[in-house]
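2 protein chains.
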Amino acid sequence: MSETITDHIGQLFSRPVFESLLKRRFFFTESFEIYRTSSGFKGDNRGLFDYGPPGCALQANIVDIWRKHFVLEEDMLELDCTAITPEDVFKTSGHVDRFADWMCKDPAKGEYLRADHLVENVLRARLDGDRIARGIESDRPNDAASSPDGTKKDKTKVKEVKPIKLSDSAVKEYEEILAQIDNYDGEALGRLIKRLDIRNPDGNNEVLEPKLFNLMFKSTVGPSAAAPVYLRPETAQGQFLNFRKMLEYNNNTMPFASASVGKSYRNEISPRAGLLRVREFLMAEIEHFVDPDNGKKHERFENVQHLELPFLDQSTQLSGQTTAKYLSLGKAVEKNIVNNETLGYFLGRIYQFLIKIGIDQSKLRFRQHLANEMAHYACDCWDAELLTTSGWVECVGCADRSAYDLTVHAGRTGQRLTVQEPLPEPIQIEKLEAILDKKKLGPKFRKDARAVESAISALSQDALERLSPVLEKNGEILIRVADLSGGDGTVAIGKDLLNIKRVSKIENTREYTPNVIEPSFGIGRILYSLLEHVYWSRPSDAARVVGINSGLSISLEANINVQVLSLPPSVAPTKVLLVPLSSHQSFRPIIKNLSSQLRSLGISNRIDDSNASIGKRYARNDELGTPFGITVDFDTVKDSTITLRERDTTKQVRGTTEEIISTVKRLVDGVENWEQTLCRLPVFT
Amino acid sequence: MSETITDHIGQLFSRPVFESLLKRRFFFTESFEIYRTSSGFKGDNRGLFDYGPPGCALQANIVDIWRKHFVLEEDMLELDCTAITPEDVFKTSGHVDRFADWMCKDPAKGEYLRADHLVENVLRARLDGDRIARGIESDRPNDAASSPDGTKKDKTKVKEVKPIKLSDSAVKEYEEILAQIDNYDGEALGRLIKRLDIRNPDGNNEVLEPKLFNLMFKSTVGPSAAAPVYLRPETAQGQFLNFRKMLEYNNNTMPFASASVGKSYRNEISPRAGLLRVREFLMAEIEHFVDPDNGKKHERFENVQHLELPFLDQSTQLSGQTTAKYLSLGKAVEKNIVNNETLGYFLGRIYQFLIKIGIDQSKLRFRQHLANEMAHYACDCWDAELLTTSGWVECVGCADRSAYDLTVHAGRTGQRLTVQEPLPEPIQIEKLEAILDKKKLGPKFRKDARAVESAISALSQDALERLSPVLEKNGEILIRVADLSGGDGTVAIGKDLLNIKRVSKIENTREYTPNVIEPSFGIGRILYSLLEHVYWSRPSDAARVVGINSGLSISLEANINVQVLSLPPSVAPTKVLLVPLSSHQSFRPIIKNLSSQLRSLGISNRIDDSNASIGKRYARNDELGTPFGITVDFDTVKDSTITLRERDTTKQVRGTTEEIISTVKRLVDGVENWEQTLCRLPVFT
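Going down the list, the sequences are from chains A and B. Everything in the first sequence is counted per UniProt numbering, starting at 1 for the first residue and increasing by one. Everything in the second sequence is counted per UniProt numbering, starting at 1 for the first residue and increasing by one.
No lab work stands behind these hints, which were simulated from the structure alone. Computed from a predicted structure; not experimentally measured. Just so you know, even glycine gets a beta-carbon here, dropped at the ideal spot from N, CA and C. It is possible that some hints are incorrect.
Said to hold, decoys possible - Calculated pairs, BS3-like style, for lysine-lysine (alpha carbon to alpha carbon, straight line, at most 27 angstroms):
hint, chain 1, residue 1, chain 2, residue 2
1, A, K218, B, K42
2, B, K42, A, K245
3, A, K356, A, K297
As the list claims (entries may be wrong) - Sample of chain A residues with no beta-carbon within 10 angstroms of chain B, all distances over it, derived:
hint, residue
4, R25
5, K42
6, T85
7, E175
8, N251
9, G262
10, E302
11, N339
12, H376
13, L441
14, R480
15, R510
16, N561
17, S582
18, T685
Said to hold, decoys possible - Chain A side only, calculated, beta carbon under 10 angstroms to chain B, not exhaustive:
hint, residue
19, S38
20, I65
21, R67
22, E78
23, E209
24, F213
25, R244
With the hints as constraints, model all of the structure from the sequences given.
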């Protein structure tokens, strides 16, 4: 990492000042805050946040644009599935066994630390210490480790960096480890911790071997409490389980995509500061089902192939580099950096979406997952990462889940989760068939007979090819059966029961399991990163005119900058602020009328008729990201003209009520920009 | 109950036919359906449903209208709070102790039955049996007990009603019990079960005494699993906990309301069929904070006072009656049937909302809760109930929670959840003050000293008035302290530590705890009831022209009625169906162009270019509730005219593309109705 975070006018970004703005304006807050500080409050409730009115509106606007950009424009099938999910489903999907992080216990403190974060933070601190010892300035994002609220800090963070000189080879080794930190499993992390003597920064105790901790919240259903359930850690499984119904709803035509927007839950070991690592979060996920046999082409790929995206691929990372290279999507697919057109198409659409809501494109990159970092279901995965004061943050994942999920659920339930397509003309094929002697099966397996039978009938052609010679040679084969009366297990089936033979058949249809490309959006992370990207601090009027003022006013006012959130009008929580010049009676009906006119055009607005000065009222709304302001003054009462102010330039124009309202509508709809307005209407000073 | 459910053309409502339509068109489905039928699937996963594309869109449209009707029009502060909530919060709110239902175990079967449902269903079956014995026709809603899927039935339902003659006094007693079934607590239900020999209908076993079962899902947070949490059973608590931040955000002005839309979770003992009693559901809740001292007036009450609503109040129910009486809201508040204007205002707004989304006003009533039925936090509550084939269903609750929640959370956390208002002029008041000797407090209570101190300082004036003479007389008082080191408990505080004395003070501000009026909407129940209300079955064209056809076609086609969901355009999942006359090449670009024109106007549309006949394609979309259809034919290619069809009348008009598109826009926006369109544009046959 070589970035220092600045705002768009080049000022150093101060995270504490920024976070205090978000808190003051109630974008979000820690949940149950009044309880956290009360005496006797027990428990680990970090990583849970509530959105206040502006945060809630911003979130709703982002989701609304997401729906239009993806669900409507691409005709996706939206589903709303339950978060509560039976254990069976997540056993099949692999989440019960593998949706887990490695954690180390500090036995002296009784604390649990995420193993990869521990290694990462301790090595980073050592490198920082080395730079201090060598007299090199740090090049890490400023404020990355600081947070106004000490309780929210990552426990593995090293609080005080001590100067220590490292050998050149150690520096090189640490940097290589950090570049692929996501590539280590628990055993490898354990070896690193031992070899490099990595300890809990808080107290310097040794930690125990890394252990797996499952990240799903568990509960039970019903009064008997016999049925264990989990809260979903992703919305995807509900979509896979409804695959057949969706295919039918889509008149049995492929490809198609489903989509879901909803809360997911992950029992993180140590939630980070703010919205970046939380335990309950809003996700927007797409599952695009595609025929794997045509190279996963996408019919609208030509619409995005010209886009130049910053790619950071696997091989670059494994060479210890972290700089992304720009390449057109067309080239990236051609060179097989991105595996296929459908994956590439969605990377392009993700890019367009992020730019549309106001993400700074210089703080965006697409990073490919390393092999060990990949979720257990994925065969390729790219993350859209956004640069924040916490470094590069994964905000959108775009994974190729291949046929993994549909295959495992079909195997477990015995349901066909496949597509049958009529062939242009019938073909003769050779295939292996498994024929069971059902008369013998019943007496041998009794109540498990049905389970064994469905396990056999679920065997793929590949499996049969593999098993056929084994059966021939050994006289029996071993089959894994998911739901025997005594639990999961393996049964032996002999030649007397089973015959695998090659048959010749005429086929009129082709049957295949679709592959899945999954773009998955963490709305909270996108929202937080966006707020950092659009935040800046504007020297106030007072400070700007300081030259002509007395020395006293310099010291009093020079530091009172106005903080601004330059949110695009489309996502801003409120579009227009309505301010009467004073509390004079005659302004009330005019303001009320303006408000209802704007509302009927679907433009959200807020009245501020408090006693604060006009400047203060505008400053308050610059902090809320309100892009436009309308002032009503005594001239309005006479001639119905009003003033329109724009947040970023603070320039104003004047016009009749009709002119200004239609201008606001054009600005909010994106049909006109502010420069055009400045040319069209008289500037007001 | 004396209703028989019919659709709007008077045909008897068939629930199995209706439910199979909802399933076929994928409005919703049981979650993990492919698992439920698979062998070896364990667990009680009833009461969990997924919404498919039309259900999801219908839900989104209902929520969108709700937001406009309440949040925007009334300037409410919307919050999005977490579902995961620490145990402490629900201990304070009373949910850990009291958010529970009474259940009886059938020890022979190992089944749990909800006690009130058991009593209700067994007594209803006896009354039905009596009617059969007396030769009286049943007057209960048809199909109430039946469901296409046997597994979803309420376990307490009596499957086969046997004719038994009851005494007249028994009939009268049973009817009185049923009219106030929600008024019994566990002990009373237990006595009824014993006295009337009520047994599990499934097997006729005796059941055990009713026991409380808490309805919240429990889990733990973090790797230490030491922190118990619950999934919220309502969104309300998050809103109460953020009261102070919201008051600040609202510039410290009262009254104001907050609102939340989100999932809540209730671990129901025995979920009912369909969407009416589920374990995970979407709620939309409003908390309106109001000054209790001005009679809870509402400044916009005059806007709703003329509305005539059907009220079923407490006294009517206690007299054994179930017929609602129409009364204007103004009269209802005047006569104190509805306690105050704010409660009345929201009943009116709820009514307007329900009518707006298409609820049949003849199947709507407002029922007041009986004393024992009321939630533990409520001092008055009215339900908007909708009539369905399952009887009257509570869909919106409107409770007066008084100052209950803010008071208990303030007491537990020691935070001020009050409003301070400047008085018009300072007043001299007498009040009791509790003065602690802090020097003695520390040594006596050690680490509990702070908890004791905050319990004392949270005592209200009322409490001090009560405790002062006790302290005088006994030399000590007992105080409940919520968070002692050894858990909750009571401590004795003597005169040596505490002095309660009357002081005289000049006060410039008035401090009060706001009261809360809470309209709470179960979106899933509203959605299901709405679908029942707009459903009907139209004799098909084939059946209508049967007279001029051969006998053969009568027998083949007479029964093929078209099922229609007459959803208002504002809530319909899709607004316009686009159908090309055939698969002819020339139609494709026209249809595509129409689709994108409609989309740019924000009008959702769907293309059906399948090979099915036009009639079949329309029938399919009548089942989906799509209000309008546009047909493109060979004349369109020549002169750009298209046909517009309306779902309920099946009448069509013809016009130019521009005419028809602007007509659709007016119809969808509600600016024009179909009768007006029929007058304006030439009818097409």
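So, going through the hints one by one against the coordinates:
1. K218/A <-> K42/B: 16 angstroms, holds
2. K42/B <-> K245/A: 23 angstroms, holds
3. K356/A <-> K297/A: 26 angstroms, holds
4. R25: 8 angstroms, violated
5. K42: 7 angstroms, violated
6. T85: The assertion about T85/A is violated, with a minimum of 7 angstroms to chain B.
7. E175: At roughly 30 angstroms from the nearest Cβ of chain B, E175/A sits farther out than 10 angstroms, so the non-interface label holds.
8. N251: 6 angstroms, violated
9. G262: Answer for G262/A: violated, closest chain B Cβ roughly 8 angstroms.
10. E302: 17 angstroms, holds
11. N339: 29 angstroms, holds
12. H376: H376/A is indeed farther than 10 angstroms from all Cβ atoms of chain B, at 20 angstroms.
13. L441: Given a closest Cβ separation of 14 angstroms, the condition holds.
14. R480: 13 angstroms, holds
15. R510: With a cut-off of 10 angstroms, R510/A remains clear of chain B, as the shortest Cβ separation is near 21 angstroms.
16. N561: Its Cβ never comes within 10 angstroms of chain B, the nearest being 23 angstroms, so this holds.
17. S582: Since the minimum Cβ distance to chain B is about 16 angstroms, S582/A lies beyond 10 angstroms and the statement holds.
18. T685: 29 angstroms, holds
19. S38: Status holds, d = 4 angstroms.
20. I65: With Cβ-Cβ at 13 angstroms, over 10 angstroms, it is violated.
21. R67: The hint holds - R67/A has a Cβ within 10 angstroms of chain B, the shortest such distance being about 9 angstroms.
22. E78: 5 angstroms, holds
23. E209: Since chain B brings no Cβ nearer than about 15 angstroms to E209/A, farther than 10 angstroms, the hint is violated.
24. F213: Nearest chain B Cβ about 5 angstroms off; hint holds.
25. R244: R244/A check passes; min Cβ-Cβ to chain B is 7 angstroms, inside 10 angstroms.
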